[in-house]
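**Student:** What follows is each chain in one-letter form.
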Amino acid sequence: MDVRPAFPLPDTEWEPIREFWAGASRQELRIPKCDACGRLCWYPREKCRHCQATSFAWQTVSGRGTLFSWVVVTHAFLPQFADLVPFAPALVALEEDPAVRLATRIVDCDLDSIDFEMPVEVTFRPIFFTGVDGEVTAPLFVPAR
Amino acid sequence: MSPMSTSSPASAPDWGWATEYENVSGEVAICGVGESDHSKASGRTTRDIVGQAVERALADAGLEPRDVDGLMYISMPDQMDVTAFHEYFGTDHDIWESRGGGGMTHAGAAPYEAAHALRDGLARVILNTFGVAWATQRSNMVGGPGESHAQELFKQNLEIPMGWFPQPVYFATVARRHMFEFGTTQEQLGAIAVAQRRNANHTPTAVMHDRTLTMEQYLAAPTIVAPFRKEDCCLISDGGGAFLMTTAERARDMAKPVVEVAGVGLGNSSTGTHWAQQCAFTSTPQVFAAPVAFAMAGVTHDDIDLYTCYDPFTIHTLMQLEDSGFCPKGEGGAFVEGDILNFDSGKLPTNTHGGLLSHAYVLGIAHVVEVVRQVRGEAAAQVPGAEIGIYGGYTGPQASTLILRRAR
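Going down the list, the sequences are from chains E and Z. Residue numbers 2 to 146, in my numbering, belong to the letters of the first sequence in order. Residue numbers 210 to 617, in my numbering, belong to the letters of the second sequence in order.
Just chain E, same shape as in the assembly:
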């Protein structure tokens, strides 16, 4: 398989999620909200998964949530992850709607201290990978202060 030279950095210009990455570069966590039912819709899709409406507006959310689940990766499944291990990919349930789960990483804490339902909050950090040029600002999460 051929991949973009920047893989696994995101393609921040890919239209369906451009605003998510543009928001992160401004230190804002942006999620589309359905104009009809008012529910957050993640991942973006053409129709609202709750009411099937087709019109959305991106909204800035608080960046607070709870830890839904996580893992501790000690084996680099991609060569580009070599300098990351050990690290803790996680799913965070957003305070505004826990049905919305962001794939993210938990940082700035002892990996052994991570626990279920731990309150967490967003932090915007550059992400970069072994052997890949460039970096992108991404919403990672830390234990809530």
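None of these hints come from the bench; they were simulated from the model. Check the hints yourself; a few may be wrong.
Computed from the model, here is a short list of chain Z residues facing chain E with C-beta under 7 angstroms [claimed, not checked]:
| id | residue |
| --- | --- |
| 1 | 286 |
| 2 | 369 |
| 3 | 481 |
| 4 | 483 |
From a predicted model like this one, the values you see are computed outputs, not experimental measurements. C-beta atoms are modelled at their ideal positions from N, C-alpha and C, and glycine is treated no differently.
Fit chain Z to the given chain E structure using the hints.
**Tutor:** Leaving out everything else, chain Z in the frame of chain E:
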């Protein structure tokens, strides 16, 4: 202990659905099965691997290549389509084909489409095949079997940059959540790995036939993506499988005892491969598939002599046992403790050839081959007196339940 805030209820009504199936119970028989040699990196091509499996399935059924007039496979690289079949066997006759076959969910659901093709006279003998040479090709793949996921743009641009990739990472996250919601333990996951390895130790064709695994060894192994150890994860191997389907009526005149499709069901998840957003996070679409298959077959769980399921990770066996109704949701951990999964002493012998964890990573088609052999009484790790067995197929977005029964 499941909190209100982020629960993932299996009963959430809108997370998936069952595909509507007509009753095809008793119409289709599996009349021939075959597997290639299973191995670590072999240098073989996928076509040669599948060809070997097909030769063996034909020999098993007592059929010739020209007898095959229907072919099912999946649109993945190097699978055996009609052109490849003719090239391999030097034939040129008309063959009906469908891309609704192959391994995974499809190995379980293919008999449903085959039933209609047989009914409509489109074919008389239908071959379903699947094979991979991923052990050989692995170094050129992005994240190994994760490659197809890496091509999906939401995953590529929202999950992979966070390191939430590939499959061992997704499903260790599911396992961790299952531990939280239901109190499932590391030892209970280990019980699955240990039992399936023991079954493989009695199956000469299994890649791990000569490698034993004790609970002590399992617990002492390092995690690679906690809570998973390597032993929680499927093998990567080169191999393939094939099975031949015809009408139950025709099968009575053929070489082997008749193994009929008693029931089949297909379930779907509305969030597809975006597991992060699947509201019933610790469930599989077997919740939807299994009731359809059981009702069609007219059997209960007590009638089932052995169970097999697509088991890329230990947690999948645990979840599918729950979701197929062998125990209440959340009680899978306690259910798999002890010797219950063992082929010779267990109450529900499970993945009796060793499964994807310890037999071979051929994505489920060898599970169907195993169930057929078991209910014929021809398996290596034979369950005494087995007459009815199940294959639970899984792809993530879909799951299937296939109930096979030795015809009386």
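**Student:** So, for every hint listed, does it hold in this structure?
**Tutor:** Cross-check of the supplied hints:
At its closest, the beta carbon of residue 286 of chain Z sits 10 angstroms from a beta carbon of chain E; the interface hint therefore is violated under the 7 angstroms criterion. Given the 7 angstroms rule on beta carbons, the hint for residue 369 of chain Z holds: about 5 angstroms separates it from the nearest Cβ of chain E. The closest approach between the C-beta of residue 481 of chain Z and any C-beta of chain E is roughly 10 angstroms, which is over the 7 angstroms cut-off, so the hint fails. Checking residue 483 of chain Z against chain E by beta carbon gives a least distance of about 6 angstroms; that is within 7 angstroms, so the hint holds.
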